[in-house]
Every structure is written in structure tokens, then in C-alpha cells.
Amino acid sequence: MPSSFNILAASLISDPLRSAALILLLLMALMIIALTVPLNIRLYMCKEERLMEGRLMASWLGSSAGSELKRHDSLIQGGVWISCLGINLFKREISAPSDLDFISSFTESRRFERQRDKGEHYKSQQASAGYRNGSEVEEDGSRISISLFWSVMAAIPAFVDLFGDLLRSFFFKTIRCHVQLGLDDPCETAIMGGRLWSLAALLRCHGADIIIQPFFEGEKLEGEFLAEGGFRPIHITAAILSALRKKEVRSLINQASGWGKGRDED
Amino acid sequence: MLKSKWLPRIEKHILAGKEIRAGERVIYPIIEVLILAGGDGLLGFRLSPIALLIIEPEMEYAISLKGGHLAVDEIYGMAPYLKDKRQRQPSELHS
Numbered sequence: 008m009p010s011s012f013n014i015l016a017a018s019l020i021s022d023p024l025r026s027a028a029l030i031l032l033l034l035m036a037l038m039i040i041a042l043t044v045p046l047n048i049r050l051y052m053c054k055e056e057r058l059m060e061g062r063l064m065a066s067w068l069g070s071s072a073g074s075e076l077k078r079h080d081s082l083i084q085g086g087v088w089i090s091c092l093g094i095n096l097f098k099r100e101i102s103a104p105s106d107l108d109f110i111s112s113f114t115e116s117r118r119f120e121r122q123r124d125k126g127e128h129y130k131s132q133q134a135s136a137g138y139r140n141g142s143e144v145e146e147d148g149s150r151i152s153i154s155l156f157w158s159v160m161a162a163i164p165a166f167v168d169l170f171g172d173l174l175r176s177f178f179f180k181t182i183r184c185h186v187q188l189g190l191d192d193p194c195e196t197a198i199m200g201g202r203l204w205s206l207a208a209l210l211r212c213h214g215a216d217i218i219i220q221p222f223f224e225g226e227k228l229e230g231e232f233l234a235e236g237g238f239r240p241i242h243i244t245a246a247i248l249s250a251l252r253k254k255e256v257r258s259l260i261n262q263a264s265g266w267g268k269g270r271d272e273d
Numbered sequence: 012m013l014k015s016k017w018l019p020r021i022e023k024h025i026l027a028g029k030e031i032r033a034g035e036r037v038i039y040p041i042i043e044v045l046i047l048a049g050g051d052g053l054l055g056f057r058l059s060p061i062a063l064l065i066i067e068p069e070m071e072y073a074i075s076l077k078g079g080h081l082a083v084d085e086i087y088g089m090a091p092y093l094k095d096k097r098q099r100q101p102s103e104l105h106s
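Line by line, the protein sequences give chains X and F.
When you line the first sequence up against our numbering, it's residues 8 to 273, in that order.
When you line the second sequence up against our numbering, it's residues 12 to 106, in that order.
FYI, nobody ran anything at the bench for these hints, they're computed from the structure.
Built from N, CA and C at the ideal position, the CB exists for glycine as well.
Warning: the hint list may mix true and false statements.
Unchecked claim - Just the calculated beta-carbon pair ranges, DEER-fashion: (1) X:180 / F:60: 42 to 48 Å; (2) X:64 / F:29: 37 to 43 Å; (3) X:59 / F:95: 43 to 49 Å.
Input sequences plus hints: build the corresponding full structure.
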């Protein structure tokens, strides 16, 4: 081991204040990295003759989560996965012969999992807690007053700003849309094609690759759509903090959570 | 003459529009579609109605929208797939 490392380790052990500062610095560096590394989102949809496919994936700091849905004729296959640094942490695949079977199998499997995980005792606790919550909700519902309504109205501009900030924080890397579209009437196809072309021209200015081909000889919808984008968590944190700086939002949160009531009574 | 697949080309198609039903009579607008294509991409298209194909249980005839006389066979000559529509039509009409 190099002697300089020994000296550093010895000085850290001997000085707890310095070691605490170093740990704090490390934590801050980690937090900055976590907030600045972008969360990437990828959405892919494809339809080709009888095959329909959709995939949604989010990745952040080496970990990724996603889901995919594939439909061929009436057979549906779906899957959800979570992985970290290339290692699969969770993977689940479902296939069903029709839409309804797929939904029912998905809901049944979830119900089964819940029952297995929580058990009957926990369920009874949940039921009683739910009853209590319900009564609280009823009580809270009776407390909703005109002042809360005006607080909501006053906070609307702040929420609009928050929504705008969140939208601005989202960036697109790729938008690709290659579609062949046909309606049952060539005239309607042409009108729809014209409208979509005008929209596509607007989006092409922002770097999107959009090709819409009208198909005049019958009803048809085939093609693929790919959207890749993301956002940095720091922007969302900043947007939420800037919204919380506004008095209207704070008072609304106070009223909604009931914190302000005690103060009003005092 | 030098030909390149990237040079714009015009394709012409004759198609039938959505049927219009009036009692036992079925009217098909006949549409001329001009497609301007360059390479593998579509550059533009233009649609114009050229005729009305009218099918009745006993007879069928065409009315030209450009003026002049237009025979039904002329339309079928331009768009052979319309014959299939005509063959399917009597059963659909009486259903």
C-alpha cells in the first residue's frame, strides 16, 4: 500500500471532523451525479400486416425498466422487466389468446401475487385500515370549503408554470415516424394525408424524421413510430422547488393536508 | 436518355371513391390520382374526380365530369379492379 494513502487514512481516522466533511462531499457528489444524469425514455410502436408491437423502456444510471406488448392475429404476448447493469432483477412474461384473456390473466396474476405476499392477516388489517381511511375521507370531504376552492384557483397559475417547466425539461433525441395510412375513401385519405403532412412539416423543423404515405386503394395503417427522449431529474427538482416557493402553492398544500387548520385555530 | 431512380416520376391511378347509396342505386365517384414520387419517397399527390359510375339492379352507366361521352367499358379499361366491385354489387344491393 502506498505510504501517502496510509498517511491520508491515518489523518482521517484521527480527525473525525475531516472524515465527516469528506463523507458529506462524497454524498453531495453522488447526489449531483444522480440529479444530472438524464433519465432516458424510449417508445417504439410498429404495425406490419397482422403483427402489432409496442415497447416502452426507461433507463437511468445503468439500470433500466421496460415493458413490451406483441400481438399477432389474436395472440397477445406481453412482458415487463427490470435490470441493473445488465443483470435481470425482475422479468415477467404473459401470453394470452385474446385481449380479454390477456387482461384477465394479468389482473388475476397480480391478485394472486398480492394474496401470497400479504397473507390473510395483513389483509384483515388492510380492511380495517381502509375502513378507517374511508371514514377519514368522508370527514375530510365535509371539510372542503370555499376557501380551499379559492386556494386551488389561486394556485392554478403556479401549477401551469410547474407543468411548463416540466415540459421544458423534457428533451427529444429522436422522433421517427414512417406510416402508410389509408381510409375507405381516397378523398378522405387525401384530406387526412394533407392534414398530417402539415403537422409533419411543423415537426420536421424540430429535427423529426416523419414520412406519411397515403394509401388510396383501401383501409390500411402500417408503419413504425420511434420516440427517444429524456429529462434530467435536477430540472424536475428545480421545478418543484420553484413551485413550492410560491405562497399560493404552500397555502394550498397546508389546507389540503390540514396543517394550516391548527394554526388558524391558534 | 439518362434515367435515375431519384428523378421525380408521375404515377397515375384510377380509383373508385366511397359508394353513395340512393335506394337501389349505387354511385361510385371515379377519381384520378396523380402521384409525384422521387426515389422511394412521395413528393406530392393530386386527386380529381373524373366520372360517376352508377350501378342499378338492371343497368349501369357512367357520367363524365370532364364533359363528353364516357362508356362504362372505358372506366373498366382504366381501372380493371372495378369489375370486381360490380360483380359483388348485386348481392350487396339486395341484402
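Of the hints given before, which are not true for this structure? Hint 3 contradicted; others consistent.
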